[in-house]
Structure formats: structure tokens, C-alpha cells
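Visitor: Just so we're aligned: the sequence shown equals residues 1 to 71 in my numbering.
I should point out that these hints are in silico values taken from the structure, not numbers from a laboratory. This structure is a prediction, so every number in the text was calculated from the model and none was measured. Take every hint as true, because none was put in to throw you off.
Quick list of the computed label-pair ranges, beta carbon to beta carbon:
(1) 67 x 25: 31 to 37 Å
(2) 19 x 69: 33 to 39 Å
(3) 35 x 64: 39 to 45 Å
Glycine included, C-beta positions come from ideal geometry on N, C-alpha and C.
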Amino acid sequence: MDLPITLILLTGALLLLAVSNIMSRRPSPIGRVWPVPYNALQFISLLVSIAMAAHLVTLLTGTPFAGRMGN
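Full structure from sequences and hints, please.
Guide: Here's what the structure looks like:
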């Protein structure tokens, strides 16, 4: 992936994270279940945004992201 695709995915994931956070805080109607699992969407968008941020560091610095172990 190149830089524009990474930035688009990162902003999309952060936007989805914000929207699903707002929607999960809304009170649910009595006797109804939400059709969309907003907490699961938050978790998935958080994972995607962390992965895209690490990939963005790799693209901007030119060296692969080594992580904690330094391998």
C-alpha cells in the first residue's frame, strides 16, 4: 500500500470509531436489540487504525516497524 491508501484507511477507521462510539452510547429502546454491534465495530476499527498508524510510520521513515522485540 502506498501513502494515500494508508491515509484513507486510517481516517476511515478513525471516523468509524467515532461514529460507533457515539452510537453505542445512545440509550436503547426498551424491548429492542440494536441491529448493529457497535462495540464490535469499535474494536475492529481500533485494530485497523493501530495497524494503519504503524504502517504510516513505516512509510514515512522508510524502515520497517520493528516492534517491542526489535526483530
